[in-house]
Amino acid sequence: MSSYLGLSSIDIAVFVVYVLIIIGVGLFVSRNKKGQTKTTEDYFLAGKSLPWWAVGSSLIAANISAEQFIGMSGSGYSIGLAIASYEWMAALTLIIVGKYFLPVFINKGIYTIPEFVEQRFNKNLKTILAVFWIALYVFVNLTSVLYLGGLALQTILGIPLIYSILGLALFALVYSIYGGLSAVVWTDVIQVFFLIVGGLITTVMAVLYIGGADGLFGGLSRMAAAAPEHFTMILDQDNPQYMNLPGIAVLIGGLWVANLYYWGFNQYIIQRTLAAKSIGEAQKGIVFAAFLKLIVPFLVVIPGIAAYVITHDSTLLAGLGDIGQTNIPSFAHADKAYPWLTQFLPIGLKGMVFAALAAAIVSSLASMLNSTATIFTMDIYKEYISPNSSDSQLVNVGRGSAIVALVIACIVAPMLGGIGQAFQYIQEYTGLVSPGILAVFLLGLFWHKTNSKGAIVGVLLSIPFALFLKFMPLNMPFLDQMMYTLLFTMAVIVLVSLGSATSALDDKAIDLDPDMFKTDKMFNLGAYAILIILAVLYSVFW
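Numbered according to full-length UniProt numbering, the sequence shown spans residues 1 to 542.
Hints listed in this document are in silico derivations from the structure and should not be mistaken for laboratory results.
Please note that the accuracy of each hint is not assured.
Below 20 Å or equal to it, Euclidean Cα-Cα: the simulated DMTMM-like pairs (lysine to aspartate or glutamate) are [what the hints assert, rightly or not]:
no. : residue 1 : residue 2
1   : 48        : 511
2   : 99        : 515
3   : 108       : 513
4   : 470       : 480
5   : 382       : 41
6   : 123       : 383
7   : 470       : 428
8   : 277       : 41
9   : 449       : 511
10  : 99        : 383
11  : 508       : 118
12  : 449       : 118
13  : 108       : 511
14  : 382       : 118
15  : 277       : 520
16  : 99        : 511
17  : 99        : 520
18  : 108       : 118
19  : 108       : 214
20  : 108       : 515
21  : 449       : 513
22  : 453       : 118
23  : 108       : 383
Model the full structure from these sequences, guided by the hints.
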């Protein structure tokens, strides 16, 4: 291992302090109160006691992972600021979820998204989606986060990939398995601090290096002058990255499918809002998370663009000395951009940034593990294996299933080697199934005539249709594929539902009371502010 890749003793001390804080807080909030044992509500929904600021912080910590720090920085290197649409459009999506989806879920008193599916449709569809989500979390989400996190540690420290993966898995396991969602959420509040500070440090140091004597704003000006195509939000059709982000369709097309599915119907995201003290606290938490999403591109995309500018300027690259010539990112290996930048940070700050990277990885791992355990325990084990289990038995099953999921992910993660832009890869393959599920939820929530038969036929036909669009020689951007798959699935659900007799037993349409969607002044003011900020951002970078 090259000596310059390692952390100094000060950096190691900073990182160790971070690890001890996280484990200490996780174990402290995990303890049982005297004479009490954890119920399923305590373990899986944190006793429904979370304040708004914990909900919002945890949403962002669960969302920002190696996929963002490593994957989105890689896409920033390859594509530029256009990839930030995933983050900025997510802020608007969160407002929609908070106002129109969340009140229905909380009103139904659910633990899991599949549980809502059973209430609205039937047990068969619930089981189909529960199995799908468990497979998606284990084989796509957990494995990709472990792989990208392991890749970062390998690049920064020179640790072999498999040891990096196992170390991250063990870290997430130690503080999250015993305490459940409480341990995850309260440590997430700390993780977000490390995420934001660590991300800002990397961004500022990289831009200052490019700016030299002209400082931060001089660095940004030089970046814009050196790579103007990297500061365009809406790509032209002749842009080589158009297939990843197809122009105006990003704003009015498939990106809505990805965001609505992820933020509205994704267990490890929505579980935090279900654990809030009240609907008002959950909605304020969502607004807080939306504001944080607005700054995420400045923490993860700008460093990727900075890495592109530095590696394509011989003077800047030479100024880094020999250290800059190792593990240089390229279009073929864009995901090396963020780890590569961290090599040039001063002693002490490198430890903080390394802690931020670890925070991003382990907070997402812990969130995914908890949600995988929740779905398996409540929708599979309790439903089919042991319906009469006590709360303590269910909590133990949840812990065991999380460990099994993590072991499987550790085995599969090293097999992901060789992918270029991991963020795009994850979005594309999740996008094969998310449109069908989104169609089921949208129509199930807002169209009374949707029935179980229509939903099952629609979701099962959506995947072969998505595969058809993907593998036929249509040369179609995957975001467009997602939008067409959504429209196809909705049409199938409507036709089958209208064409099949609906018995009174099958008619589980949700009666939506308009009063359910009323929001308080704080939520409304926050939503308007986010809309204004988004309008300014897109007008500046269009």
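Each hint tested on the structure:
Between residue 48 and residue 511, the direct Cα distance comes to roughly 25 Å. Violation of the 20 Å bound is thereby established for this hinted pair. Taking the CA atoms of residue 99 and residue 515, the gap is about 11 Å. The hint holds against a cut of 20 Å. Distance check on the hinted pair: residue 108 and residue 513 sit about 13 Å apart at the alpha-carbon level, within 20 Å; holds. With a C-alpha separation of about 10 Å, the suggested pairing of residue 470 with residue 480 holds against the 20 Å cut-off.
For the hint linking residue 382 to residue 41, the alpha-carbon distance of about 14 Å falls within 20 Å, and the restraint holds. For the hint pairing residue 123 with residue 383, the CA-to-CA distance comes to about 9 Å; that is within 20 Å, so the pair holds. The straight-line distance between the Cα atoms of residue 470 and residue 428 is roughly 10 Å, inside the 20 Å bound, and the hint therefore holds. With a C-alpha separation of about 12 Å, the suggested pairing of residue 277 with residue 41 holds against the 20 Å cut-off.
For a cut-off of 20 Å, the pair hint linking residue 449 to residue 511 stands: about 12 Å separates their Cα positions. Taking the CA atoms of residue 99 and residue 383, the gap is about 31 Å. The hint is violated against a cut of 20 Å. Proximity of residue 508 to residue 118 is assessed by CA-CA distance (about 10 Å); at most 20 Å being required, the pair is judged to hold. Of the supplied pair hints, the one linking residue 449 and residue 118 holds, its CA atoms being roughly 16 Å apart against a limit of 20 Å.
As the CA atoms of residue 108 and residue 511 are separated by approximately 12 Å, the hinted pair is consistent with the 20 Å bound. Taking the CA atoms of residue 382 and residue 118, the gap is near 14 Å; set against the 20 Å cutoff, the hint holds. Restraint check for residue 277 and residue 520: the C-alpha separation of about 16 Å stays at or below 20 Å, so the hint holds. Between residue 99 and residue 511 the CA atoms are separated by roughly 16 Å; this keeps the pair inside 20 Å, and the hint holds.
Restraint check for residue 99 and residue 520: satisfied, since their Cα atoms lie roughly 10 Å apart, inside the 20 Å limit. For the suggested pair residue 108 and residue 118, the alpha carbons sit about 11 Å apart, so the restraint of at most 20 Å is met. With a C-alpha separation of about 57 Å, the suggested pair residue 108 and residue 214 falls outside the 20 Å cut-off, and the hint is violated. A C-alpha spacing of about 15 Å is found between residue 108 and residue 515, which places the hinted pair at or below 20 Å, so the restraint holds.
Straight-line distance between C-alpha atoms of residue 449 and residue 513 comes to about 17 Å, which keeps the hinted pair within the 20 Å bound. A hinted pair counts as satisfied when its Cα atoms are at most 20 Å apart, and residue 453 with residue 118 qualifies at roughly 13 Å. About 18 Å separates the Cα atoms of residue 108 and residue 383, which keeps this hinted pair within 20 Å; it holds.
Hints 1, 10 and 19 from the list above are not met by this structure, while the remaining hints are.
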